[in-house]
Amino acid sequence: MEDTEKAELLNAFFASVCTAKAGPQASQSLEADLPLVEGDQVRDHLSKVDTHKSMGPNGMYPRVLRELADVIAEPLSITFERSWRTGEVPENWRKANVTPGFKKGKKEDTGNYRLVNLTSVPGKVMKQLILDVISKQVEEKKVIRSSQHGFPKGKSCSTKIIAFYDGVTGWVDEGRAGDIVYLDFSKAFDIVSITSS
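Okay, so the sequence shown: first residue is 19 according to the numbering used here, each after it adds one.
Simulated from the structure, these hints should not be mistaken for lab results. Mixed in with the good hints there might be a few duds.
[Stated by the list, open to error] No farther apart than 27 Å at their CA atoms in a straight line, the calculated lysine-lysine pairs in the DSSO-like style are these: (1) K171 with K154; (2) K113 with K71; (3) K24 with K171; (4) K159 with K121; (5) K121 with K154; (6) K160 with K178; (7) K113 with K145; (8) K142 with K173.
Just so it is clear, the structure is predicted and the values come from calculations on it, not from any experiment.
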């Protein structure tokens with residue numbers, strides 16, 4: 019099979035699993051609760067950018083952004099703040115270079131590839147800032163139960179397995195019965211939402 023044919027097959031497959039959805043808009047009632055994006059926060063995140071990563075589709079090298087952190091932190095914080103308040107992301111930050119990444123199985127099966135998106139570095143920094151704010155609010159308001167191991171810091175699949183086995187062995191020791199249901203959501207993560215411009 020020619021490279022062009024492979025590219026066409028992968029493109030058709032990826033297009034079939036992507037959905038076009040409009041991004042969420044900022045609500046008027048939530049806007050007052052949104053924290054300000056400070057230049058110091060942006061500078062801190064820029065100083066942690068991995069300089070060995072590739073540049074995004076906008077041609078900005080992570081190393082340049084990291085080295086210019088003191089100069090660009092303030093203008094970027096204004097852009098981030100405006101995006102945060104309006105719910106709109108700059109158009110060039112919504113673009114990505116998409117590459118197929120082989121997972122497992124037969125290389126001829128397009129379902130055995132995942133999308134690898136190379137997006138803009140400033141967009142990634144903004145995403146990390148938003149994640150920090152959301153994580154802090156979720157932690158302070160105790161939105162996620164202690165039994166959840168998928169998202170909180172310091173917890174993982176390993177800590178969930180340990181907690182699970184601890185609970186099951188406790189039931190066995192007490193002579194109690196228990197039913198276990200296994201669900202596999204791995205295919206759910208193959209569906210990618212692409213925001214329309």
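Do the hints match the structure? See the list:
no., hint, verdict
1, K171 with K154, "holds (11 Å)"
2, K113 with K71, "holds (17 Å)"
3, K24 with K171, "violated (40 Å)"
4, K159 with K121, "violated (38 Å)"
5, K121 with K154, "violated (33 Å)"
6, K160 with K178, "holds (18 Å)"
7, K113 with K145, "holds (14 Å)"
8, K142 with K173, "holds (23 Å)"
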